Amino acid sequence: MKIIIDIFFTFLKIGAFSFGGGYAMIPFIEKETVHINGWLTSMEFVDIIAISQMTPGPIAVNSSTFAGYKIAKIYGSIAGTTGVVLISFVLMTILSKSLNSVKDSPTVKNIFKGIRPAVLGLILSAALSVGKTAIIDLKSFLISTFVFIAIMKLKIHPILTIVISGVIGYIVY
Amino acid sequence: MKKLFKLFIIFFKIGAFTFGGGYAMIPLIEEEIVRVNKWVDQDEFLDAIALAQSIPGILAVNTATYIGYKIYGLPGAIFATLGAVLPSFFIILIIVMYFTETMRSPGVQRVFMGIRPAVVALILTAVFKLKKGIPRNAFTYILVFGSFLLVAILGVHPIFIIILSGTLGYFIYRRV
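Heads up: the protein sequence lines correspond to chains A and B, in order.
Quick note on numbering: the first sequence equals residues 1 to 173 in the working numbering.
Quick note on numbering: the second sequence equals residues 1 to 176 in the working numbering.
If you are wondering where the hints come from, they were derived from the structure by calculation, not from laboratory data.
Just so it is clear, the structure is predicted and the values come from calculations on it, not from any experiment.
Some clues are possibly wrong.
Stated by the list, open to error - The list that follows gives simulated cross-link-like pairs (lysine-lysine, DSSO-like), each with its CA atoms no further than 30 Å apart: (1) K73(A) <-> K13(B); (2) K132(A) <-> K31(A); (3) K38(B) <-> K2(A); (4) K13(B) <-> K129(B); (5) K153(A) <-> K38(B); (6) K132(A) <-> K103(A); (7) K38(B) <-> K2(B); (8) K6(B) <-> K131(B); (9) K132(B) <-> K70(A); (10) K31(A) <-> K2(B); (11) K3(B) <-> K38(B); (12) K6(B) <-> K132(A); (13) K3(B) <-> K109(A); (14) K13(A) <-> K2(A).
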């Protein structure tokens with residue numbers, strides 16, 4: 001029982017202190033699970049990250065579920081996942097509630113007018129950082145180009161393009 | 001109740017098909033929440049991303065919580081968050097129990113060689129779809145490319161970009 005509580009609070013801390021999500025959390029999770037608590041070996045941690053990147057969903061959720069299971073089976077994975085999500089869930093709910101009451105003030109409107117284009121820049125930089133490891137040859141460049149056209153011009157659902165690209169990847173590589 | 005269930009299903013679907021973490025979820029949420037169901041518009045969606053980025057935690061989950069709350073209050077926030085989290089929870093659980101070896105097989109690796117470049121394109125489409133509500137002026141272009149360069153080249157943390165751009169927005173739009 002104690003280990004379950006430890007897992008919960010460790011991941012609660014990870015969720016509460018990592019800004020920027022996903023990849024920013026990885027070193028933090030490693031430090032806590034491998035170095036401080038000694039729950040996992042370095043090799044197990046490498047496996048966790050590799051598999052988290054290959055499965056859908058947020059990397060932080062994947063790795064907390066995975067690490068939780070390795071440490072204390074199913075209860076560990078429930079404790080880890082709940083812990084990693086809880087603090088931001090509470091913060092986000094409070095934030096949405098308080099923002100709702102001020103969203104029509106001119107000051108808040110002007111602030112968001114400045115933030116919106118900057119968020120586009122953030123998304124653009126995310127595309128670049130994923131692109132660096134994903135677009136490695138002509139084939140991957142073509143897949144990327146076709147998916148872009150398929151969504152923007154042919155209005156194909158993004159999920160369908162992921163499935164098709166997976167099949168193409170299997171065939172061409 | 002029907003809306004809550006729909007909210008859950010939509011985020012479950014998004015959670016089940018997003019490879020590549022946080023930002024990869026944005027184009028899928030945009031498709032379902034903004035374009036198909038029209039529950040929030042492009043501007044509100046960008047605001048949700050900015051807020052999700054401003055607090056600690058997982059970007060995609062935070063965005064789901066915010067949108068769920070906006071559409072249906074606290075129950076909406078709970079259902080959307082569960083929807084976004086549960087697919088990866090179950091998928092990882094099944095993999096760690098039975099398929100750790102399978103994930104290392106060359107066949108699986110090849111599938112991912114195809115999916116990764118698709119994710120890049122997906123994220124790019126989000127930029128083009130979400131720019132609709134934003135006024136086209138010099139200030140906008142400076143903010144888009146300024147924040148891109150600061151993050152991509154200089155490695156500035158996104159939270160500083162949001163604080164900086166919000167401050168700039170306040171001072172510049174106050175005059176007009």
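Structure-based check of each hint:
| no. | hint | result |
| --- | --- | --- |
| 1 | K73(A) <-> K13(B) | holds (26 Å) |
| 2 | K132(A) <-> K31(A) | holds (26 Å) |
| 3 | K38(B) <-> K2(A) | violated (46 Å) |
| 4 | K13(B) <-> K129(B) | holds (20 Å) |
| 5 | K153(A) <-> K38(B) | holds (20 Å) |
| 6 | K132(A) <-> K103(A) | violated (38 Å) |
| 7 | K38(B) <-> K2(B) | holds (16 Å) |
| 8 | K6(B) <-> K131(B) | holds (27 Å) |
| 9 | K132(B) <-> K70(A) | violated (45 Å) |
| 10 | K31(A) <-> K2(B) | violated (43 Å) |
| 11 | K3(B) <-> K38(B) | holds (13 Å) |
| 12 | K6(B) <-> K132(A) | violated (36 Å) |
| 13 | K3(B) <-> K109(A) | holds (29 Å) |
| 14 | K13(A) <-> K2(A) | holds (17 Å) |
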